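Trainee: Here are the chains, one letter per residue:
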Amino acid sequence: MIDVLIIGGGIAGMEAACTLHDLGFETLILEKEKQLGGHLRNWDTLFPTKRKASEVLEHYVKEIQQRGITVYLNTDVTSVKKQEDGTFELNTGREVQFKTKTVLMTTGYALFNAERKEEYGYKIYDNVITSADLEKILQTAKGELRSPSGNSIQSVAFVHCVGSRDEKSGNHYCSNVCCVTGVKQAIKMRQLLPEAQVFNFYMDLRMYGSGFEEMYREAQEQWHVQFIRGRLSEVAETIDKRLQLKAEDTLSARPLRMHVDLLVLLVGMESNKAAADFAQSCNLACAPSRFVQPKDFHIESNKTNVEGLFTAGTAIAPLSVFDTVNHAKAAALSVSEYLKKNN
Amino acid sequence: MNKFGFAPAKSRVIEYDSMHNQLLDYIIANEPSFSTCMSCGSCTATCSAGNLTDFNIRRLNIQIRHGELDGIRQEIDKCMLCGKCLLVCPRGINTRNAIMIIKKGIVNLGIE
Ligand SMILES: Cc1cc2nc3c(=O)[nH]c(=O)nc-3n(C[C@H](O)[C@H](O)[C@H](O)COP(=O)(O)OP(=O)(O)OC[C@H]3O[C@@H](n4cnc5c(N)ncnc54)[C@H](O)[C@@H]3O)c2cc1C
Ligand code: SF4
Ligand code: SF4
Ligand code: SF4
Chain U
1 MIDVLIIGGG IAGMEAACTL HDLGFETLIL EKEKQLGGHL RNWDTLFPTK
51 RKASEVLEHY VKEIQQRGIT VYLNTDVTSV KKQEDGTFEL NTGREVQFKT
101 KTVLMTTGYA LFNAERKEEY GYKIYDNVIT SADLEKILQT AKGELRSPSG
151 NSIQSVAFVH CVGSRDEKSG NHYCSNVCCV TGVKQAIKMR QLLPEAQVFN
201 FYMDLRMYGS GFEEMYREAQ EQWHVQFIRG RLSEVAETID KRLQLKAEDT
251 LSARPLRMHV DLLVLLVGME SNKAAADFAQ SCNLACAPSR FVQPKDFHIE
301 SNKTNVEGLF TAGTAIAPLS VFDTVNHAKA AALSVSEYLK KNN
Chain X
1 MNKFGFAPAK SRVIEYDSMH NQLLDYIIAN EPSFSTCMSC GSCTATCSAG
51 NLTDFNIRRL NIQIRHGELD GIRQEIDKCM LCGKCLLVCP RGINTRNAIM
101 IIKKGIVNLG IE
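Going down the list, the sequences are from chains U and X.
At position 151 of the first sequence (counting the first as 1) the number is 151 in the numbering used here, and the numbers step up by one without a gap.
At position 50 of the second sequence (counting the first as 1) the number is 50 in the numbering used here, and the numbers step up by one without a gap.
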């Protein structure tokens with residue numbers, strides 16, 4: 001029987017797999033996509049270092065290969081069942097039955113579907129895109145960047161908190177990393193389009209991590225990004241495919257109107273299907289945010305209410321790469337303690 | 001134009017010590033969601049009255065918090081009760097109901 005079955009081969013799963021392997025445990029990764037890496041596959045550069053996400057991923061994939069850790073790709077875990085003897089059986093729709101002593105759930109998050117905020121016009125107006133779309137565009141950008149409708153870009157606006165902190169989306173929580181993602185992307189737009197104006201519409205700027213505030217300051221000082229305190233109430237398209245924005249400039253207490261060539265929605269993070277599926281199949285406890293509820297947020301943040309089922313990374317909440325990697329490393333130690341005690 | 005409060009302020013300082021919050025208590029007792037406003041301005045941006053006059057529903061909340069009630073009766077009458085504000089509020093505040101309660105509160109508490 002395997003010691004640890006890791007569900008999800010994003011950075012959390014890969015980091016934990018390497019550490020558990022080095023601690024001497026037999027480890028296996030099940031990943032539903034055709035490649036390892038999770039969301040980082042789709043990002044261009046990472047805050048706060050501006051390092052290429054692909055470099056970070058290459059590092060992890062190499063570490064996995066060097067250790068000869070087995071990875072099953074295209075393997076979607078649909079249920080986790082706890083057996084009488086305390087071990088687990090996983091269902092993936094494959095012929096093989098996966099049996100394991102412990103499970104580490106590193107299933108990550110899902111992006112908020114911006115179509116749900118109809119008033120912002122995503123998939124209705126050509127030149128409204130999400131922050132995730134922009135990362136993809138930046139990954140392959142060559143030459144002059146143009147808007148999806150083919151226009152030259154003279155002005156860009158970013159909208160913070162799309163699908164987060166929003167009763168109407170059913171998400172009360174803050175997604176933590178979209179503010180700094182907005183700053184990262186605003187700087188990038190100014191670098192690629194030196195003539196363009198860039199605006200960020202925010203309610204609160206949450207620069208909670210090391211190096212984030214410095215990036216915000218850099219955006220103001222070096223790149224003249226303009227930060228406007230107000231939330232967009234609606235977006236309309238003009239005949240020439242530009243976008244008309246309505247908001248209140250709350251710091252001067254006056255309604256504001258503006259036209260831009262490109263609108264970027266900073267989409268939040270949501271819990272993905274795995275949390276709900278495992279809640280069904282093994283009574284896994286989820287928080288009101290629908291993310292996995294750690295057994296004790298302060299002391300045992302890698303444990304869940306199900307003994308032997310551990311978790312790490314953005315399965316529990318929106319986190320940066322830095323926090324995800326640290327949480328995953330800690331998870332490996334938590335699993336190791338458990339296996340030593342129960343062997 | 002009355003940009004700073006409803007009437008020329010006697011002092012520029014907001015006196016937190018002597019704030020008179022009877023109206024605020026009345027509103028929150030009847031429409032508790034009023035206290036969750038995060039001053040995002042979505043309501044003001046969409047407001048029918050705010051696009052025609054200097055009526056500012058978001059700022060009104062803050063002024064009530066500060067106990068700045070001079071002229072509030074005339075100010076609140078600028079609202080057309082169209083309800084557009086409550087469709088956009090990210091905190092799900094029933095702004096239109098809050099306005100109805102402010103109107104009632106002004107009468108019940110005898111505020112001029
Ligand atoms: C637009 C945007 C930009 C960002 N930019 C940055 C940045 O610049 N810097 C930074 O630090 N952070 C950034 N982040 C955050 C970053 O994406 C996360 O910190 C990181 O992806 C978390 O890794 P993870 O392994 O926890 O989850 P994920 O990346 O979501 O990986 C989870 C993996 O689990 C797999 N999986 C899920 N369910 C199952 C299942 N049932 N069975 C099998 N496999 C499954 C998924 O396919 C995926 O491969 C950004 C986020 C967004 C939204
Ligand atoms: S991190 Fe910023 S943009 Fe994201 S939900 Fe929180 S406040 Fe909004
Ligand atoms: S109900 Fe009143 S405050 Fe709300 S949008 Fe209409 S006019 Fe403005
Ligand atoms: S939309 Fe709601 S939260 Fe935003 S300022 Fe208006 S009342 Fe407050």
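Some hints here could point you the wrong way.
[Said to hold, decoys possible] Calculated cross-link-like contacts (lysine-lysine; reagent style DSS-like; alpha-carbon spacing at most 27 Å):
#1 U/32 to U/52
#2 U/81 to U/295
#3 U/62 to U/32
#4 U/142 to U/241
#5 U/32 to U/99
#6 X/104 to U/273
#7 X/84 to U/241
#8 U/117 to U/99
#9 X/84 to U/117
#10 U/82 to U/341
#11 U/123 to X/104
#12 X/78 to X/104
[As the list claims (entries may be wrong)] With the C-beta cut set under 7 Å, the calculated list includes, among others, these residues of chain U facing chain X:
#13 32
#14 118
#15 121
#16 167
#17 170
#18 203
#19 226
#20 248
#21 253
#22 257
[To be verified] To list a few chain X residues with every Cβ distance to chain U over 10 Å, as calculated:
#23 11
#24 22
#25 35
#26 38
#27 71
#28 72
#29 73
#30 77
#31 83
#32 88
#33 96
#34 99
#35 107
#36 110
#37 111
#38 112
No wet-lab data here; the hints were simulated from the structure.
Predicted, not measured: the structure shown is a model, and the values here were computed from it.
Glycine included, each C-beta is placed from N, C-alpha and C at the ideal position.
Trainee: Check each numbered hint from earlier against the structure, then list the numbers of those it violates in ascending order.
Mentor: When the structure is compared with the hints, numbers 6, 8, 11, 13, 14, 15, 17, 19, 22, 26, 32 turn out to be violated.
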